[in-house]
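Start from the sequences and build out the full structure, keeping to the hints where you can.
Those protein sequences? They're chains A and B, same order as listed. Taking our numbering, the leading residue of the first sequence gets 1, the next gets one more, and so forth. Taking our numbering, the leading residue of the second sequence gets 1, the next gets one more, and so forth.
Please keep in mind that the hints were generated in silico from the structure rather than gathered at the bench. Treat each hint with caution, since some may be false.
One copy or two, either will do: identical chains are not told apart, so a pair holds if it fits within one copy or between any two.
As a list, the in silico DSBU-like pairs of lysine-lysine whose alpha-carbon atoms are at most 30 Å apart [said to hold, decoys possible]: (1) Lys-168 to Lys-361; (2) Lys-119 to Lys-258; (3) Lys-40 to Lys-350; (4) Lys-338 to Lys-119; (5) Lys-338 to Lys-322; (6) Lys-119 to Lys-163.
2 protein chains.
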Amino acid sequence: MAPAEETSKFCEAYPMKGGDGPNSYANNSTYQRGVVDAAKELLSKAIAEKLDIDILLSSNSFQIADLGCSVGPNTFFAVQNIVEAAKFKFQSQGQDSQVPEFQVFFNDHTPNDFNMLFKSLPQNRRYYAVGVPGSFYGRIFPNASIHFVHSSYAIQWLSSVPKVVVDKTSPAWNKGRIHYLNSPEEVARAYEAQYTEDMECFLHARAQEIVYGGLMVLTVPGRPNGSSHSHSSINMSFQLLGSALMDLARKGGVSEEKVDSFNIPIYCMSSQELEAAVERNGSFSIESMENLPHVSVDDTVSKSQLFAAHMRAGMEGLVKQKFGEEILDELFDLFRKKFEEAPFFFETGKTISFLCVLRRKGNGLCLYHN
Amino acid sequence: MAPAEETSKFCEAYPMKGGDGPNSYANNSTYQRGVVDAAKELLSKAIAEKLDIDILLSSNSFQIADLGCSVGPNTFFAVQNIVEAAKFKFQSQGQDSQVPEFQVFFNDHTPNDFNMLFKSLPQNRRYYAVGVPGSFYGRIFPNASIHFVHSSYAIQWLSSVPKVVVDKTSPAWNKGRIHYLNSPEEVARAYEAQYTEDMECFLHARAQEIVYGGLMVLTVPGRPNGSSHSHSSINMSFQLLGSALMDLARKGGVSEEKVDSFNIPIYCMSSQELEAAVERNGSFSIESMENLPHVSVDDTVSKSQLFAAHMRAGMEGLVKQKFGEEILDELFDLFRKKFEEAPFFFETGKTISFLCVLRRKGNGLCLYHN
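Have a look at this one:
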């Protein structure tokens with residue numbers, strides 16, 4: 001059994017901005033919503049084709065977990081989709097009377113705004129809702145207690161910034177930057193190593209928690225296979241944010257030393273890297289791996305404004321923790337301007353999202369593994 | 001299956017004061033903590049003598065629910081006690097290797113401060129923690145998914161104020177009072193009827209959620225069997241609070257009409273009334289019913305101050321919702337004074353707490369009931 005203190009030590013928490021204010025995640029996650037919509041069809045297909053309803057034989061409810069759920073509403077759309085697709089699967093197999101009750105475990109870091117999540121739960125939901133605080137890089141559920149895991153736009157967050165990139169004596173010290181683009185080779189290597197370690201923790205924990213035959217669907221923002229880090233528009237946008245921070249430092253708005261010690265714990269993986277991690281772990285089979293169609297966002301506001309708002313909703317917590325609240329408006333305004341002045345951005349930068357369906361290996365009739 | 005909207009409609013939420021400020025429930029629940037301590041021995045005994053570990057045969061984790069958990073820390077002491085006693089039960093039966101993993105469902109109304117609850121979770125806990133928003137007068141868990149239910153000082157809260165007591169045309173209209181003491185007979189009858197209805201909802205929902213053979217332990221503040229409502233010090237204290245509110249109304253601090261429409265949805269039951277409800281419901285056997293030893297509280301502060309602080313922590317949310325934040329200091333100060341001037345209080349008033357152990361009837365080997 002996993003004691004709580006073991007997992008809580010090595011994880012840092014970067015919750016999305018809570019509440020429902022103008023800069024909140026809830027009001028600035030339309031891009032992520034677009035991802036949920038784009039993933040909907042693939043998710044339904046995965047359930048229709050891959051869900052083995054026999055994994056429920058010895059249970060009378062269907063346990064679903066959404067990992068890194070944030071505060072909603074995106075998580076509710078995803079969960080609704082899963083519940084409907086699973087119901088349809090039972091019905092299409094003539095098991096109408098066997099449609100189980102659903103229990104949904106909404107998971108995110110402990111500092112996540114669960115109060116807001118709970119208040120926003122859809123009134124007409126047909127599932128029992130539960131909140132689970134804690135890092136998904138450790139154990140958060142009992143052995144073999146979950147039938148279906150979903151996680152959208154969450155596992156790109158590392159458990160922490162790699163230690164060496166804030167170590168002045170290390171060749172991987174990331175002075176003057178906040179991410180690994182245009183950094184010494186060692187910085188990207190350190191991020192890669194952290195990703196590898198984290199993903200093994202993630203898969204190891206899920207292998208214990210998911211019943212044999214259970215599914216895990218991961219939607220991941222990443223870079224195309226074979227492309228370098230410098231062609232990922234996610235990485236490019238962090239470079240712009242870092243450059244905006246350094247501008248502030250030069251003007252005396254923030255201390256340069258603070259910028260040196262600030263790094264964004266996000267790794268932009270390729271689907272091949274994810275596949276390699278799954279194969280190293282050995283507990284899951286890869287059932288499918290598909291790129292999502294390109295997500296287009298509402299263009300009633302300018303692209304740069306929207307982009308800056310999304311960046312702010314996602315990064316504000318992290319930036320505030322390090323630099324204080326005062327710099328937020330100026331920083332993200334500067335970021336927006338830099339973005340507007342970067343015509344190369346959409347020409348060279350590539351973002352893809354992919355959806356990966358994994359199945360817990362093992363005999364579906366022997367549900368309780370050790 | 002119970003749709004969420006059905007249960008959320010008929011329930012009102014009265015969360016304890018969140019956060020950890022000077023008037024918070026977390027810092028003003030030493031009395032309730034005393035109850036938890038007093039109940040500890042009885043609870044451990046109940047688990048040692050009554051827990052049938054065979055109910056876990058087809059499950060590999062032990063699911064515990066604490067209903068009406070508030071924000072902690074009392075819930076953590078109670079849960080820790082249950083987990084330890086259950087472990088000891090397995091070990092004492094030579095089943096060391098079979099000690100299950102524990103998963104604890106912390107339940108309270110949706111507006112409860114779950115963020116604070118999650119932040120206060122003990123670091124060294126040996127269980128998986130989960131938060132469950134929703135009224136325990138409706139379904140909150142899937143069918144047969146819980147092995148052990150605990151609830152301390154929660155089921156005295158009714159699902160809502162009986163409608164007739166705020167109906168000006170009803171003989172049960174409770175003008176000038178906020179509870180049923182010294183009210184027309186019809187008011188107490190309305191509270192009794194609400195209690196009866198609520199308790200049936202409570203037991204009906206739990207009968208579906210708890211596995212056959214599973215236990216439910218309820219700790220309840222009540223009045224002695226055979227004593228009248230007017231001898232309950234809980235009821236007497238609400239009378240004092242009502243009288244303080246009427247004083248404010250007379251001084252123009254609050255509208256008298258508002259006081260007329262304000263009532264406290266708490267019913268002070270006797271253990272016989274609880275037994276009768278359990279028997280009417282029919283799904284549970286009463287394994288034991290015992291009074292708790294008298295709880296003495298820290299006397300480094302004056303009794304009246306402590307009493308007023310506890311009353312405020314429990315009632316502030318309710319009062320604020322109706323009358324606004326401005327009156328709180330004056331009201332509870334007035335309450336404290338009235339309490340000091342009521343020498344009869346501890347002479348005639350009686351509070352008892354009792355602990356009731358129920359077992360879900362049914363064949364322990366047939367876990368999944370419909």
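Hint check:
1. In this homomeric assembly, Lys-168 and Lys-361 never come within 30 Å of each other (Cα to Cα): the closest approach is 44 Å inside a single copy and 66 Å across copies.
2. For the homomeric pair Lys-119 and Lys-258, the shortest alpha-carbon distance between copies (27 Å) is at most 30 Å, but the shortest distance inside one copy (37 Å) is not.
3. Taking the shortest Cα distances, Lys-40 and Lys-350 sit within 30 Å of each other inside one copy (22 Å), while across copies they are farther apart (60 Å).
4. In this homomeric assembly, Lys-338 and Lys-119 never come within 30 Å of each other (Cα to Cα): the closest approach is 37 Å inside a single copy and 38 Å across copies.
5. Within a single copy, Lys-338 and Lys-322 get their C-alpha atoms as close as 22 Å, which meets the 30 Å cut-off; across copies the closest is 51 Å, which misses it.
6. For a Cα distance limit of 30 Å, the shortest separation of Lys-119 from Lys-163 across copies, 26 Å, qualifies, whereas the shortest one inside one copy, 37 Å, does not.
Taken one by one, the earlier hints fail for this structure at numbers 1, 4, listed in ascending order.
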